[in-house]
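Chains W and Y are the protein sequences, given in the same order. For the working numbering, count along the first sequence from 1 and bump the result up by 133. For the working numbering, count along the second sequence from 1 and bump the result up by 5.
These are calculated hints, taken from the structure and not from any lab test. Quick caveat, the model's predicted, so the values are computed rather than measured. Backbone N, C-alpha and C define an ideal beta-carbon position, used for all residues, glycine too. Among the clues, some could well be false.
Said to hold, decoys possible - These stretches of chain Y come out as covered by chain W in the derived footprint (C-beta under 8 Å, 3 or more residues):
#1 25 to 33
#2 59 to 73
#3 86 to 92
#4 99 to 108
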Amino acid sequence: MKMMAIKFAMAGCVLVLAGCSATPTRPTQKLPGVVYNKPEATVQKAAVDALVANGFVIDKSEGEYIEGARPHKFGAVVGSGGESAGVWLSSVASDKTAVKVSTAKSMLGIVGQKNWDKEIIAAMDSSLGGHQ
Amino acid sequence: MKNTLGLTFLAFGLCGCMATTGNYRSIGNDLPMPRPPDCAVLVFRDHAPDRPYAAISRLNVHIEKTALMPSDYASASGELKKQACLSGADAIMDIEEKKSMYLETRMYNLSATGIRFVDQAGAR
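Build out the structure end to end from the sequences listed, making use of the hints.
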């Protein structure tokens with residue numbers, strides 16, 4: 134019985150620590166993004182910093198797309214973490230870059246999760262000096 | 006039965022009610038050789054060094070704890086110094102602390118700039 138319980142708990146741990154996070158989907162063309170008066174390389178670094186500053190672990194950083202996930206944490210009531218966020222960049226001009234952000238929540242621990250889009254944009258604003 | 010339940014909760018508890026993430030990124034085109042993770046790092050909290058230096062890395066440590074448990078500079082500074090060492094920095098400056106909260110989770114973010122002293126010949 135003890136072994137069963139341990140196996141069950143270990144399986145639960147693996148399931149949780151493995152991520153179980155959703156993949157963020159790119160916002161539609163109709164939804165306006167924000168535009169920074171900075172070159173894409175500068176905005177890309179700011180996007181990485183913004184994700185990291187909000188507790189995301191960077192999974193992908195591929196030029197015009199950055200993705201990160203927040204680790205799951207158990208809590209006394211709801212816990213937190215498990216969200217994924219994607220940041221899409223597109224160069225509008227040599228010194229203008231458009232940015233779209235999208236947070237995806239996972240099924241596991243959804244009650245303790247939140248949408249991080251505003252916080253990510255705010256962190257980018259503080260390092261890049263605001264958007265249009 | 007009590008033991009079984011206890012073991013189950015213990016195992017789940019060990020999965021984590023806190024997360025600490027630390028990382029660094031290069032400011033310029035390249036980073037110097039990494040230093041050992043436990044290397045000595047000078048901390049300039051309130052003033053800039055009086056020796057010539059070059060900023061080489063952005064450092065970040067993020068701690069989240071559930072059940073309303075707080076974090077502070079002392080709990081994050083060790084990881085910040087480790088990241089400075091890994092980025093090859095001699096010292097850290099421009100330290101910024103941010104605290105926030107969501108439901109039962111308290112978040113603490115510590116960021117800084119990693120610097121490397123420049124000798125008189127100009128080499129890092």
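Right, here's what the structure says about each hint:
no. : hint      : in the structure
1   : 25 to 33  : holds (count 3)
2   : 59 to 73  : holds (count 8)
3   : 86 to 92  : violated (count 0)
4   : 99 to 108 : holds (count 3)
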